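J.: Those protein sequence lines, which keep their order, are chains A and B. For the first sequence, my numbering gives the first residue as 16, with consecutive numbering after it. For the second sequence, my numbering gives the first residue as 92, with consecutive numbering after it.
None of these hints come from the bench; they were simulated from the model. Keep in mind the model is a prediction, meaning the values are calculated, not measured. Careful: at least some of the hints might be erroneous.
With a straight-line cut-off of 25 Å between C-alpha atoms, the simulated DSS-like cross-links for lysine-lysine are [to be verified]:
no. : chain 1 : residue 1 : chain 2 : residue 2
1   : A       : Lys-172   : B       : Lys-170
2   : A       : Lys-172   : B       : Lys-415
3   : B       : Lys-147   : A       : Lys-172
4   : B       : Lys-147   : B       : Lys-395
5   : B       : Lys-312   : B       : Lys-300
6   : B       : Lys-341   : B       : Lys-430
7   : A       : Lys-66    : A       : Lys-41
8   : B       : Lys-300   : B       : Lys-415
9   : B       : Lys-430   : B       : Lys-395
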Amino acid sequence: MKPVKTSLTPVDAPAIRSRPVYAPLKPRPGAQHLIVADGEGAEAVVAMLDKANDRSGLLAAAHVMYCPGPNGTDLTAALQTLGPAQFFRAPTIPALLPRLQRVVSTVHMGTQFYLAGTEGLIGQAEREIMATGFPFAAIQKEHRGSTLRRVQCVHCKGITENVATDPFRCSHCGLMLFVRDHYSRRIAAFQGVNIDAEDPGLVPDPVVRFT
Amino acid sequence: MSLDFRPGAFADFFRNETFRDDFTYRNSNILRFPFPFDRDDYMYSVNMEPHVPGRKGTAFEHILDVDEHYVAEMLDRAKVLADDPLRCQSLPHMTLAGWDLLELIMEAKARDYPQWFGLTKDGNRWHWVNRPLGIEQSFTFLDESTLPYPPFEYIMRQTQGDWTLQDERDGTLWMDAGIATSQADWSVDFDVGMNFMEWHAPVPLAHEKGVFDRALKFLLKLQHGAPVRRFNWTMTVNPLLDTAPETYPKWGPMKATITPENLGARQHLRVELQSLYRLPRSNAIAFDIRCYLSSFDQIVTVPKWARRLHRVVRDLPPELATYKGFIRNRDAMVEWLAKHDDGQPTSPGWFADD
Numbered sequence: 016m017k018p019v020k021t022s023l024t025p026v027d028a029p030a031i032r033s034r035p036v037y038a039p040l041k042p043r044p045g046a047q048h049l050i051v052a053d054g055e056g057a058e059a060v061v062a063m064l065d066k067a068n069d070r071s072g073l074l075a076a077a078h079v080m081y082c083p084g085p086n087g088t089d090l091t092a093a094l095q096t097l098g099p100a101q102f103f104r105a106p107t108i109p110a111l112l113p114r115l116q117r118v119v120s121t122v123h124m125g126t127q128f129y130l131a132g133t134e135g136l137i138g139q140a141e142r143e144i145m146a147t148g149f150p151f152a153a154i155q156k157e158h159r160g161s162t163l164r165r166v167q168c169v170h171c172k173g174i175t176e177n178v179a180t181d182p183f184r185c186s187h188c189g190l191m192l193f194v195r196d197h198y199s200r201r202i203a204a205f206q207g208v209n210i211d212a213e214d215p216g217l218v219p220d221p222v223v224r225f226t
Numbered sequence: 092m093s094l095d096f097r098p099g100a101f102a103d104f105f106r107n108e109t110f111r112d113d114f115t116y117r118n119s120n121i122l123r124f125p126f127p128f129d130r131d132d133y134m135y136s137v138n139m140e141p142h143v144p145g146r147k148g149t150a151f152e153h154i155l156d157v158d159e160h161y162v163a164e165m166l167d168r169a170k171v172l173a174d175d176p177l178r179c180q181s182l183p184h185m186t187l188a189g190w191d192l193l194e195l196i197m198e199a200k201a202r203d204y205p206q207w208f209g210l211t212k213d214g215n216r217w218h219w220v221n222r223p224l225g226i227e228q229s230f231t232f233l234d235e236s237t238l239p240y241p242p243f244e245y246i247m248r249q250t251q252g253d254w255t256l257q258d259e260r261d262g263t264l265w266m267d268a269g270i271a272t273s274q275a276d277w278s279v280d281f282d283v284g285m286n287f288m289e290w291h292a293p294v295p296l297a298h299e300k301g302v303f304d305r306a307l308k309f310l311l312k313l314q315h316g317a318p319v320r321r322f323n324w325t326m327t328v329n330p331l332l333d334t335a336p337e338t339y340p341k342w343g344p345m346k347a348t349i350t351p352e353n354l355g356a357r358q359h360l361r362v363e364l365q366s367l368y369r370l371p372r373s374n375a376i377a378f379d380i381r382c383y384l385s386s387f388d389q390i391v392t393v394p395k396w397a398r399r400l401h402r403v404v405r406d407l408p409p410e411l412a413t414y415k416g417f418i419r420n421r422d423a424m425v426e427w428l429a430k431h432d433d434g435q436p437t438s439p440g441w442f443a444d445d
């Protein structure tokens, strides 16, 4: 008998209870506005600003950090032309994080956090903010664009970015992993588990689940 | 101080046995096994009861059961931690809860098993003796620099069962420390830092039944000095304590070795006797997940348990058998167990002779 360990549920399947809750960004009053986005997340930021009563006031106290999405979507111009007090474009998420760490290290209470874009961007930015002691409930998150997943191999602990298929090959140890619908905020990743552990070599054909 | 084990000092009681390789683990007396089914069917429920000392000669006799497997389990734990230190983690704010737990365990063991454990206190100057493991330690309570490990890890290396420490804030519980070397396929490294609903996310059916909402409400009211317990269970091929997701590629293939001939010896019922304690200084909750293993061969020597195990495994919803990881061997188990079920009625309750 074949193990039925994997259920290849579509991305929009019933909620994953360990996955963060995402909702449209809303403008909130604050002394400072820290906005971090990637890819299509820029559109969520633009939509949020359209709802602001004091748009120019918000922008005058805004620090925007942006990088293109893993699918190549680059809306840098749309954000830059908004005219925030500070704007930074990074080529990738790893290149964005050091600046974010520096900024949140001296951020004041009363700062508003807006994260928008892929789950990889949101998760990693949220982790940096939470490390400073801000409660995660104070951080707004809106998922837009790519559903590619960031997955930690439970066996070797290496993280594979931009996982599209299930199963996929771990980019560190080479095991074939299925993507479990279990998310760790601390690691900012889903969990990957070896799919042919019980029957080595019996690997189903990869299916594209995340795009 | 050293943690050099000297197993053999109490060889008349503690078994020299293994949970890996040649798997020499067995129970000398099956009647002290905590059989988890009090009726002939099973579904998730909160099923909490006060954790109070129970019947003599069973796993319930003392709050912290120290049994014949103690020394062998601690040796196995030391090997697991040497292979993978990520199995024991404590976030920085959980140190005080670690001290609370150390105190709880040392006091209980010294009180209930004075032949093996001793604790003397002179203010915050404590002296701990663990004779089965050959440990003597003088230290200052609440002073981390006086122990060879942080307090949580120190006492966990001398305590059976996987444990987690839950911090309480924002109306929920956060698993901010934990050790797992005898776990049923969950990862401390992945789950540490999660809240109650997050770490239970993968469990099927129970969320929809409201089990976790009720359990959390119940636990938030848990009082110091009034611990509670419940059972959980699964199946394991061979008496393998450390069924970690980390090492699944190593032990997973064992699941494919079951045949009708070897099933009785290799297939084990894995029982978790879970107990929860509110801790006095930190207000954290300590959660003990104590694993007991018994081969099907040993279980069916008790007629009531033989009948009941057959009926439970036969009638379990397939989602649960899948989640618990034994769907591939379930038909073989039912076929094997059916031969030990004569169809007679069973009495309510866990105990073999009720």
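J.: Against each hint, give a clear statement of whether it holds in the structure.
T.: The hints, checked one at a time:
1. Simply put, A:Lys-172 and B:Lys-170 have alpha-carbon atoms about 20 Å apart, close enough for the 25 Å limit, and the pair holds.
2. A threshold of 25 Å between alpha carbons decides the hint, and for A:Lys-172 with B:Lys-415 the separation of about 23 Å falls inside it, so the pair holds.
3. Proposed proximity of B:Lys-147 and A:Lys-172 is contradicted: the alpha carbons are some 45 Å apart, above 25 Å.
4. Our distance criterion of 25 Å between C-alpha atoms is met by B:Lys-147 and B:Lys-395, whose separation comes to about 20 Å.
5. With a CA separation close to 21 Å, the supplied pair B:Lys-312 and B:Lys-300 stays within the 25 Å bound.
6. Taken as a hint, the B:Lys-341 and B:Lys-430 pair is broken in the structure, with Cα atoms around 32 Å apart against an allowance of 25 Å.
7. Taking the CA atoms of A:Lys-66 and A:Lys-41, the gap is near 7 Å; set against the 25 Å cutoff, the hint holds.
8. The hinted pair formed by B:Lys-300 and B:Lys-415 meets the criterion: a straight-line CA distance of about 18 Å does not exceed 25 Å.
9. Only pairs whose Cα atoms come within 25 Å are accepted, and B:Lys-430 paired with B:Lys-395 is accepted, the gap being roughly 13 Å.
Violated hints for the displayed structure, listed by number in ascending order: 3, 6.
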